[in-house]
Amino acid sequence: MKRSSLLYFFITLAGLILIGRLFQLQVINGADLDPNHNAAVKVIYDYPERGYIYDRNGKLLVANQLSYDVMVVPNEVEPLDTIEFCNLLKIDLDYFKRKYKTAKNYSPWLPSVFLKQLAKEDFAFLQEKLHKFKGFYIQKRNIRNYPISSAANVLGYISKVNELEAKNNPNFQQGELIGSSGVEKSYDSILRGIKGKKFLHRNRLNKIIGKYKDGEYDTLAVNGQDITLTIDSELQQYGELLMSGKRGGIVAIEPKTGEILALISSPTYNPNMMVGRQRAYNSTILMDEKNLDKPIYDRSLQATYPPGSPFKLINALIGLQEGVIDENSAVYCYGGYRYGPRKGAFQKCHCDIFGGPIRLHTAISKSCNSYFSTTYRKIIDNAETASVGMDIWSNHVKSFGLGNYLGYDLPSGQKGLIPDGNYYDSRYKYSWGPTTNISNAIGQGEVLTTPIQLANVTAAIANKGYFFTPHILKKSNDKNIINTEYILPKKTTIDPKYFDPIIEGMHEVFKTGTGKWSNIKGIDIVGKTGTSENFTIINGVRKQLRDHSILIAFAPKDDPKIAIAVFVENGGYGSTIAAPITSLLIEKYLNKKITGNNRKWIENNMINLSLRDIYNQKEIIPKTTLKD
Amino acid sequence: MRAEKNNIFYGVDWILIILYIALVGFGWMNIYAATTNDVNSEVLDFSTKYGKQLLWIILCVPLIIFILFFNSKFYEKFASILYLIGILSLVGLFVFGKNINGAQSWYAFGSVSLQPSEFAKAFTALAVAKLLSDRQYNLKLIKNQIKAFIIIFLPAILIALQPDLGSVLVYLSFFFVLNREGLTLNYIIFGSIAIVLFLLTLLFGPIAIIFMVFGLLSILVVYFLKKHKGYLKFNWHKVLGIYLIFGLYIFSSGYIFNNVFEQHQRDRFEILLGISKDTKKIGYNTNQSLQAISSGGGFGKGFLQGERTQGDFVPEQHTDYIFSTVGEEWGFLGSSLVIILFMLLLYRIIYLAETHKNKFGRIYGYGLASILFFHVIINIGMVIQLLPTVGIPLPFFSYGGSSLWGFTLLLFIFIKLDANKSYDW
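Residue numbers (numbering that gives the first Met the number 0), protein chains in the order written: chain P, 0 to 627; chain A, 0 to 424.
Treat the hints as calculated values from the structure; they're not laboratory data. Where is the CB? At the ideal position from N, CA and C, for every residue including glycine. One thing to keep in mind: the hints can contain errors.
Below, computed lysine-lysine pairings styled on DSS-like, alpha-carbon distance capped at 27 Å [as the list claims (entries may be wrong)]:
1. K98(P) with K115(P)
2. K48(A) with K212(P)
3. K184(P) with K206(P)
4. K72(A) with K146(A)
5. K212(P) with K194(P)
6. K159(P) with K96(P)
7. K48(A) with K206(P)
8. K210(P) with K48(A)
9. K556(P) with K473(P)
Derived list of chain P stretches under chain A, where covered just means 3 residues or more per stretch with a C-beta under 8 Å from a C-beta of chain A [to be verified]:
10. 7–14
11. 103–109
12. 192–203
Just a sample of chain A residues kept apart from chain P, beta carbon distances all over 12 Å, derived [as the list claims (entries may be wrong)]:
13. N6
14. L18
15. L22
16. F25
17. V60
18. V111
19. L196
20. K226
21. F256
22. D266
23. G295
24. I376
The whole structure should be built from the sequences, with the hints applied where relevant.
Structure below.
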C-alpha cells in the first residue's frame with residue numbers, strides 16, 4: 000500500500016463523517032420552517048373581541064371591557080429606580096421582587112404578567128410614564144363586564160390559561176383568557192374567535208429588525224361570535240330574588256323545545272366579582288370548601304337530592320304501563336303502609352284518608368304513601384325475580400333521563416342514582432325484594448336526582464311522554480341551533496295515554512290538594528309537591544334536619560309553556576316554600592307581573608324568608624364580606 | 000526558455016487556483032451575509048467587516064505575485080532562515096504582543112493586527128521539508144526523529160504558551176508528513192489509543208477503565224504466553240512494565256484532567272461527552288450554531304435570508320463559526336459542496352505532491368495538505384458539534400487578514416514549488 004494512501008484515506012473518511020453529520024442535522028432533523036417555533040421570530044398576538052352573550056329576548060348579559068396588564072420581559076429590564084416604579088404602580092417592594100423573580104424563572108426572554116388589570120383611571124397616566132422603564136409594557140386585554148348581576152352559575156367566568164393547559168394545547172399561550180366554567184367554557188371556541196398573528200424578525204438582543212418574510216405568515220384576527228341563550232333574564236333574576244336567604248336550585252324548561260328558561264342556584268353571587276383585580280380575593284371566599292354556602296357550586300346542576308313525592312308520579316306511570324294498576328285500582332291506607340312483619344316495617348303516610356278506598360287521582364292529589372308503596376311493590380313483584388323486576392323498573396325510570404347525564408351543554412353535572420337489579424344484587428348478600436327498598440316508591444331510599452333532571456321529567460310529563468334534551472344555547476351568531484341532539488325529541492317508555500290521569504291528578508293538587516294555597520287565578524297550574532328527608536352529622540351524631548321542600552309543576556295545563564322544578568334545602572313541606580315560589584315564578588313568566596294583594600303578600604313573604612337559622616345549625620359560616 | 004522563466008505564472012496548477020478562488024469567493028459571500036446589517040449598504044464600505052475582508056482579498060493579489068516571483072530554489076535555500084524568523088516573531092509576542100481575548104497572540108500596528116502564528120505554519124512546513132529532504136536523512140533513526148519533533152514542537156510550544164491551544168492542535172498534523180516519509184505508524188496508533196483511553200477514563204472513571212484494560216491485557220498476555228512458552232521466565236519485567244505503563248497513564252489522565260485542565264476546558268469535554276448537562280449555557284455558541292445549521296434544511300434559506308445569521312444569533316459567526324452561515328443559508332447542498340471543494344483541494348495537493356521527484360516539494364506539499372486538513376475538520380467538526388469547542392479558523396472562509404494571508408502564503412508557496420518541479424534535479 001502506498002504511503003500516500005493514509006492521508007487520502009483519512010481525508011475521505013473525515014469528509015464522509017462531516018457530510019453524514021450534516022445530513023443528520025439538516026435533512027433528517029430538518030429545516031424549521033414553522034415561524035411559531037423559530038427563536039429568531041417574535042410573534043405578536045392580536046386578540047379579538049370575545050363574543051357577547053344575550054338572553055332569549057335580546058337583553059345583554061355579558062359584554063366586554065378593556066383591561067390593561069403590565070407585562071415584563073426580564074432580559075430587557077434595565078436598572079431602574081424601584082421605589083419610583085413601585086409608587087407608580089401602587090405596589091410594594093416585596094411584590095416587585097417576587098413578581099420579577101417569578102417572571103425570570105419562567106423565562107428571561109418571554110413576557111410574563113407583572114401586574115394584572117390596572118384600574119381604568121391609572122392606565123393613561125401609566126402608559127406615558129412607563130416609557131422610562133425598559134422591559135415593562137402594557138398589554139391591552141378584553142375582560143368581561145356583566146351589566147346585570149344575575150345568572151353567575153349559567154354564565155360562568157373566564158380565567159387565564161395556566162402552564163399545564165398551555166402545554167397540552169399549542170394553540171393557547173400562557174396568560175391568555177379562556178372560559179373555565181358555565182357557558183363561557185361550553186362555548187369558548189365560538190366566543191373566543193381566532194387571534195391574529197404578526198411575525199417579526201428579531202435579533203439575539205430581542206430587537207425587532209423587520210417583518211418576518213414580509214408578513215407572509217401573518218394572519219388577521221377574527222372576532223368571536225355572539226351567542227343568545229335560552230335564559231329569560233327577568234325570570235332568572237326574579238327566581239334569584241325569591242331564593243334569597245335560602246339554599247337550593249330552580250330549573251325552568253320550555254317543554255316544547257327543551258330550552259332552559261331559568262337555571263337558578265342559591266346562594267349565588269354577583270358575576271362581576273370574578274372580574275378585575277379583586278377577583279383573586281373574591282374567589283378564595285367563593286370557593287372556600289369549608290363554607291357550605293358554596294356559591295360557586297351550582298346546585299341546580301350538581302346537587303343530588305332524593306326527589307321525594309314528585310317521584311311517585313313516575314312510579315304511577317310505570318305501574319300503568321306495566322299493567323299492575325289502573326285508574327280504578329284502590330288501596331286502603333291506615334295512616335301508613337306495612338311492608339314487613341317486624342315492628343319498624345311501617346311506612347307512615349300523611350294523606351289523612353282512613354279506611355276509604357284511595358284511587359290514582361286522589362292518591363296523587365293527597366300524596367298517599369301507601370298507594371304508591373303498593374304500586375311499587377306490584378311492579379317489582381310482577382317479574383320472576385326481584386332483580387329482574389328492578390331492572391324493568393329501572394329502565395322505565397331511566398328513560399326519563401334520570402340516573403345519567405342528560406347531555407346538556409353546560410360543563411357541570413351529576414348523574415344522580417337510579418338503582419337496578421345489579422345494584423342491589425351486589426350490595427345485599429341475602430335475598431331481597433321490593434320491601435327491602437320500599438322507600439324508592441316515595442322518592443326516598445337510594446334514588447337521587449338533580450333539580451334539572453326533575454325539571455326534565457316535568458317537561459316529559461307536560462309533553463305526555465317525550466322530552467327534548469335541555470339546552471342553554473338558543474342562537475349562535477344570530478342563527479338558530481341545528482344540533483340534532485337538542486332538536487330531536489327523546490321518547491320515554493310510557494305510552495302517551497297514561498299521562499292523562501296523572502296530569503288530572505296533578506291538577507287536583509293545585510285545586511284541592513297539597514298545593515291549593517299556591518293557586519293562580521286564571522292559570523291552570525299542574526304539579527306535585529314533595530318533601531324529602533335528609534340528615535347530617537353534627538359532632539359525630541347523626542341528626543335529622545328539617546325536610547327539603549320540593550315542587551314540580553307545569554303550566555298551563557293545556558299547551559304547557561313552562562315546566563319547573565324547585566328544591567329548597569331544609570324548607571319543610573313542599574307546600575310551605577317550594578310551592579309558593581313555583582307559582583310566583585309561573586305567574587311572572589306567563590303574566591309578566593304579579594297581581595292581587597294576596598299574591599303580593601305571598602311574594603313579599605318569600606323574598607324576606609330566610610332559612611339562615613337552620614343552616615347555621617349545620618356549620619359555622621365564616622364571617623366574610625365580598626369585595627365589590 | 001527565457002520567456003517561460005519570465006512568466007511567473009508558468010506551470011502553475013490551474014485547478015488549485017480555481018479551487019482557491021472558489022473558496023475565497025464563496026467565503027467572502029458568507030462573511031458578507033454574516034456581518035451585514037442592512038441589505039442595502041455599500042459593498043466597498045471598509046468600516047464593515049466584509050469591507051475589510053474584501054480589502055484583504057484584494058491585497059492578496061500583490062501577495063500572490065510576490066510569492067510567485069521567487070523561484071522554488073529560493074524557498075528551499077531560505078527555509079531555515081524563514082523558520083527562524085517565524086520563531087522569533089512568536090517569541091517577540093511575549094514582549095511586544097497585545098493581549099486579545101485572553102491570548103497574547105497579536106501584534107498591533109495601529110488599527111491593523113497581525114497574528115504571527117498563522118504565518119509560522121508555513122515556515123515550519125518549509126523547515127520540516129528542508130530537514131527531511133536531505134539525502135542522508137533517515138527517519139527510522141531515533142535521533143533524526145527527535146530532530147523532526149523539535150522543529151515541529153518548538154513553535155507549537157510557543158503558541159501553547161500564548162495560550163492558543165487550537166493552533167497547537169494543528170501541529171499534530173505533521174504526523175501525516177512524517178508518516179509519509181517513513182515514520183512508523185506506531186506513533187499515530189499509540190497516540191490514538193492514548194486519546195481514546197483518555198476519553199474513556201473521563202467517561203467511566205479511572206478504576207473502571209483500569210479493570211477493563213487490565214482484563215484485556217491479561218487475555219492477550221495469556222494467549223501470547225501459550226504460544227511462546229517460557230517467555231515469561233526471562234521477560235516478566237517487560238510484561239509487568241506494560242501493565243505499569245497503562246496503569247500510570249490512566250491514572251494520570253484522570254489527574255491531569257481534574258487538576259491541570261482549567262474549568263472551562265473540563266466543562267467543554269464533559270458537555271461533549273454527555274457527562275454533564277449544559278445548564279450554564281457553556282455550549283451556547285455551539286448550540287446556536289447547530290440550530291442555525293439545522294434550520295437550513297436541504298437547500299438552505301437563501302443568500303441573506305437566514306434569520307439566525309441576520310439576527311446575529313450565532314456568536315463569532317464571522318470567524319470560528321462562519322460555517323454556520325453556510326449551513327443556514329445554503330443548506331445541506333451548500334455545506335456539502337464546501338466540504339467537497341475542500342476535499343478536492345486536498346486530493347489535488349497530495350496528487351501533485353506525489354509527482355515531485357524532489358523530496359522537498361513532496362514533503363512541503365504534505366505539510367500543506369495536513370495543515371489544511373486539520374483546520375477544516377477541527378473547525379467544521381466543532382461547528383457541527385462532533386468535536387469540543389476549539390477556536391481555529393476555517394481556511395479562506397474565516398474573517399481575518401492574518402489567517403487569509405497565512406493560508407494564501409502556505410498554498411502559493413506550494414503552487415510555485417509545483418510549477419517549478421520540472422526543473423528539479
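TODO: Compare the structure with the hints numbered earlier in the document and write down the numbers of the violated ones, lowest to highest.
DONE: The structure breaks hints 3, 11, 23, 24; every other hint is satisfied.
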